[in-house]
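K.L.:
Below are the chains, spelled out letter by letter.
Protein chains: 6
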Amino acid sequence: MSRVDGRERNDQLREIKITRNFTKYAEGSVLIEAGDTKVICNASVQDSVPYFLRGQGQGWLTAEYSMLPRATQDRNVREAAKGKLTGRTQEIKRLIGRALRSVVDLEKLGERTIWIDCDVIQADGGTRTASITGAFVAMVDSFAYMIDNNMIKELPLKDFVAAVSVGIVDDELLLDLCYKEDSNAHVDMNLVMTGKGDIIEVQGTGEENPFSKENMFKLIDIAEKGIKELIAHQRKALEDKVELFKGE
Amino acid sequence: MSRVDGRERNDQLREIKITRNFTKYAEGSVLIEAGDTKVICNASVQDSVPYFLRGQGQGWLTAEYSMLPRATQDRNVREAAKGKLTGRTQEIKRLIGRALRSVVDLEKLGERTIWIDCDVIQADGGTRTASITGAFVAMVDSFAYMIDNNMIKELPLKDFVAAVSVGIVDDELLLDLCYKEDSNAHVDMNLVMTGKGDIIEVQGTGEENPFSKENMFKLIDIAEKGIKELIAHQRKALEDKVELFKGE
Amino acid sequence: MSRVDGRERNDQLREIKITRNFTKYAEGSVLIEAGDTKVICNASVQDSVPYFLRGQGQGWLTAEYSMLPRATQDRNVREAAKGKLTGRTQEIKRLIGRALRSVVDLEKLGERTIWIDCDVIQADGGTRTASITGAFVAMVDSFAYMIDNNMIKELPLKDFVAAVSVGIVDDELLLDLCYKEDSNAHVDMNLVMTGKGDIIEVQGTGEENPFSKENMFKLIDIAEKGIKELIAHQRKALEDKVELFKGE
Amino acid sequence: MSRVDGRERNDQLREIKITRNFTKYAEGSVLIEAGDTKVICNASVQDSVPYFLRGQGQGWLTAEYSMLPRATQDRNVREAAKGKLTGRTQEIKRLIGRALRSVVDLEKLGERTIWIDCDVIQADGGTRTASITGAFVAMVDSFAYMIDNNMIKELPLKDFVAAVSVGIVDDELLLDLCYKEDSNAHVDMNLVMTGKGDIIEVQGTGEENPFSKENMFKLIDIAEKGIKELIAHQRKALEDKVELFKGE
Amino acid sequence: MSRVDGRERNDQLREIKITRNFTKYAEGSVLIEAGDTKVICNASVQDSVPYFLRGQGQGWLTAEYSMLPRATQDRNVREAAKGKLTGRTQEIKRLIGRALRSVVDLEKLGERTIWIDCDVIQADGGTRTASITGAFVAMVDSFAYMIDNNMIKELPLKDFVAAVSVGIVDDELLLDLCYKEDSNAHVDMNLVMTGKGDIIEVQGTGEENPFSKENMFKLIDIAEKGIKELIAHQRKALEDKVELFKGE
Amino acid sequence: MSRVDGRERNDQLREIKITRNFTKYAEGSVLIEAGDTKVICNASVQDSVPYFLRGQGQGWLTAEYSMLPRATQDRNVREAAKGKLTGRTQEIKRLIGRALRSVVDLEKLGERTIWIDCDVIQADGGTRTASITGAFVAMVDSFAYMIDNNMIKELPLKDFVAAVSVGIVDDELLLDLCYKEDSNAHVDMNLVMTGKGDIIEVQGTGEENPFSKENMFKLIDIAEKGIKELIAHQRKALEDKVELFKGE
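Residue numbers (our numbering), protein chains in the order written: chain W, 6 to 253; chain B, 6 to 253; chain L, 6 to 253; chain H, 6 to 253; chain R, 6 to 253; chain D, 6 to 253.
Isolated chain W (complex conformation) (with noise of 0.2 Å):
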């Protein structure tokens, strides 16, 4: 049986695709395609840190997200038109952030914060986990800009980080839903795992419909395969960095 988008398997990711300095001015800038979704990551290497952790020797990174109105369908607000987010961006850009700290070592960063912007500018499902995907890259690189520069002596890494969505669809469970899916699924879950196979977040909801314990566990089964995959891409991508991720 075949996906609505023309894939031919229901363990099947999108075709992905990570441009590296894509933008010219952010220490790490990153278009990251799964399948129509499009998302622009930067990372930016700020001198400072936030209030709380002054004089504390650590640093921080903290994340934002956003999507150009006509990312969609149809057209959406400009949330600073509206002058506050919405709690949907809110709970992304804390999962964003929490999901790439979890593989920082701050310490090591010295007082300086990385600011990630995920910028979506085409939505077909399952931006917040592209946006994770590809932001780990961008951060890559500001962590090599930052070695080049002579800030930090080495990677301040504890592991490769990437994310997938799952769900059930009229029964059939399947990895990285398209809109078309999402927006039919019964069951929407969102899994951020590590290198190593390590979980870092799971989120997911059946809000319409409950699901079984015995159909989670499968689902984590399956976004496992898809984030392996999905590491494998990202380590293609930073290939001319494999040295940096010797110490690792």
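One should not assume that every hint holds.
Because identical chains cannot be distinguished in the list, a pair is counted as satisfied if it fits within a single copy or across any two copies.
In silico BS3-like pairs for lysine-lysine, Cα to Cα no more than 30 Å straight-line [to be verified]:
# : residue 1 : residue 2
1 : 185       : 29
2 : 185       : 113
3 : 230       : 163
4 : 29        : 158
Since the hints were derived computationally from the structure, they do not count as laboratory data. Bear in mind that the values here come from a model prediction, so they are computed numbers and not experimental data.
Dock chains B, L, H, R and D against the given chain W, drawing on the hints supplied.
P.N.:
Just chains B, L, H, R and D, lined up with the frame of chain W:
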């Protein structure tokens, strides 16, 4: 081995106390106490629905969540004074809304909105899960009020719903973490489950300590045990309404 | 002639109940009940003062006031959701602050701020005056805490303070109006008075029915009688702290 | 003994000047000067009522109050730049609205709103009471405009209304305090009164110096004398409209 | 051919009246009247500079602009009530600030800020250009105040500056448009110019009727003529300060 | 003499690249590149008009403008995070809207709104003028979409429109300034012009260096030359739509 707050077992809930009719105006009003965590859960019936649902003949349920400034060890700035909801508050109010809507038959409500207000007057960990568990009882009371006043004919309810937290502290897998445990937890997970044992929502994070799939599955099992006990508490608290549940 | 809520006399207070240590974290925590009006009054000690007082060696006290959305017959929209305080809330928080500051010796506090949080959980008229009366007791408890912890040596207190409402309903001059009386009142007045019988604040309005000087003076006399009784309630609630008041 | 601004008597008003038709667009436009306090009071007629009054066949009156940033000795930050009204502004705008509504027959207005805008261009104490006194005249002019334009048939007015401040400075009881007196006052009271001598609003505060009932009563007497003089000024300013007041 | 407001010539200014010392607290205070357009321009001296200039030994000048709600034919909602500045207000306040800064020698000011507040009390077209022309005079008075108080030694001024509007109405090229002309204009242009005849700012728009280069150049010539007359008015208003301009 | 970014002539545009159909959902979607300045211009068709135009049978066009936080050398705070638009953003969005509306026949649109979203992903000077030039092409594509879908019958277009910046740097008059030139410019001017060579908008400022009329006229001539080339680029980009322009 005993817990930091004196509990004997890792899979033991704190003492649960559910007081109905806690305030006099709300159609449903519950004070839920889970150890030292205390939340007022009020359910209000409003004779209209949000704009996006008008004319569709169905109802809606929405939740809000807040803490008194001194519900916690240190005083928090009031969100009304800041002029906006924090990201944490928005996540929690959305979670409570999804959890309760998942067991309500919105079509049977008619064009009415149930407002769930969860106000934490004392916080010792697990305020969002206590809010869900207590709000369920307040919601049932508001439905009983609607039946008594001939607004609806039967309980617009598909199942019970309750929620609990689990986590890993010093390699111990614990049920229903109090604040001291929570702030030392490597892994923190919330589970929302129905009376039939299906999962509505799972949210787990190991920001500083990624965790294995095996531990995740064990935590789910422990949480499931806790939720069964919580639903038993809900049933007991509502035993004078037992005839309403016949059709359930 | 009897009152709408069953009281026998026009100059009769509702039943007053003052519960200390109502929540466990605040340095002073009181639940005050005046008939069906119920307010949680928490006093928090903070080790700093606002910007405009820094370096002057004196303290400050500020108050905030809020109602749970369903403290009233109809649900009110949360001010945190609206993103701003209503004019009514601002008036009341300023009134409570002025009333309490009038009896505190701010210089004896050192560079500390006392935060008074009055949260109405059930409203049946007179919430602002009950807030002042209850908050006074919470404030004294926070002072006792400061003495016990060697932050100050003696009560920084000049006098007791309490407040009550009076009004004219159908030509009757009434003390301590409940909501039903209040909503029918032609004249509505709040009086804040010290233990010595001096006036700190008087606010009276007859928007729809201007009133004579003679009636105003009579209302003041009735309010004075009520405040004396309220202060007796405060003294009784605080009788274990009686030795602290010696120097008063 | 003479006053700080050269007045001879404690119960003496400052010089009052009322200029009608001060600006050309408003249906009523008054510049009121009380000594160095100068307020532009504009009354605007709008052909609709707020949502809560629609379809009830009655009108509404609402007031706004603001100060130019440099109306005062030191420049104040604009509320439009801060993005919100201060608590003080909200109190004053509500007070002005209540004071004027108390003498208007809202049912005779039809479904119209009178907007009262009081903009202080120079502040030397007593801006809120000058606003009320001046706005009354602007309001009458807007009613005259409505009669001339066949919107209403007669003055929708029950009485005159004016306001004044009184206070205690160095044990002297003073009428109409200028800023220098006001900032040294132990007691500060504002009285709003009708032409018939009834009280609409009294607000008195002795935050730092509680005051006796006797002094309060004396202050009311002094204020009453001042208000009678202010109403004489209003009558004189409006003498070309004398025939309109016949039915009053 | 005569203009809609009775002026005889297309290149004729309205009657200009500049009243200095209009209010008593501001270091410079001017009421400028251009026909029926009336703007209060206050200049305030503040002993500090914005954050981005601290420690650089130079000063700053910033402007704010507002209209009274009933400065216009129809009442406008107050920006303070809306909680934000409109785009139009922001454009105008930035324009006024740039115009005045262009002739001020900020280094001679020392670390001080000049706040320019332009408050329109009556609007009949050309409020932004009248604000610039009037604010220049208020600014000079604030500099004179600083010299008198030994804060600076000489006028920190490079030149005069004034502004005027021009436009095309029914193929006529007009100087200094009143509101009725402005609302019928096909082209609307504002010019800010120095005493030496150099351009500081030009803003022209023909949204509904694009205009030729030739007409643009003619409009600039007409505006130049008007600005020369306005600067003559400024010189005359300031003639008692003539000795200050010697070094200019 | 050569330019800082390697261009040979002062009146030379940077390389222009216009990519249509850049994202897949918008009715018109263009990436415009002017040298290193890159802007996504999306045009969205909405089937309604703002409140003030309802029932008048005509359409509307409105624009929004934003920059990705790291479009620039240093990271900017997101306006959505600040909760309000800066004055600069408001000026630009109003400018873009006026520029495009000037060539659209709003009556032919029917009661529809065209939303123009200009999102700068990389900024090297001239972002507002590039936005106008690119948005024109996106807008035409959205009109073509409307024709294809039988919403309108012909292009509701009166002319082409494009915009460019000019300025004076070290006495050289330059066309199409890059960021490095712009930040050293004494004079900065933007011109919006139609295909027929008429001016829609001119904005020039010499805040720190007032400029002569003669230089202004020369700058206009240089800008006119640039705009003609930009319109040639637009024509070429749209050459598959050439038949639509027949009636133009």
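K.L.:
A separate judgement is required for each hint: does it hold in the structure or not?
P.N.:
Each hint, compared with the structure:
1. For the homomeric pair residue 185 and residue 29, the shortest alpha-carbon distance between copies (15 Å) is at most 30 Å, but the shortest distance inside one copy (34 Å) is not.
2. Proximity of residue 185 to residue 113 under the C-alpha cut-off of 30 Å is restricted to the inter-copy arrangement: shortest distance 28 Å between copies versus 43 Å within a copy.
3. In the homo-oligomer, the alpha carbons of residue 230 and residue 163 lie at most 30 Å apart inside one protomer (21 Å), although the nearest pairing across protomers, at 35 Å, exceeds that limit.
4. In this assembly of identical chains, the alpha carbons of residue 29 and residue 158 lie at most 30 Å apart only when taken from the same copy (24 Å versus 43 Å across copies).
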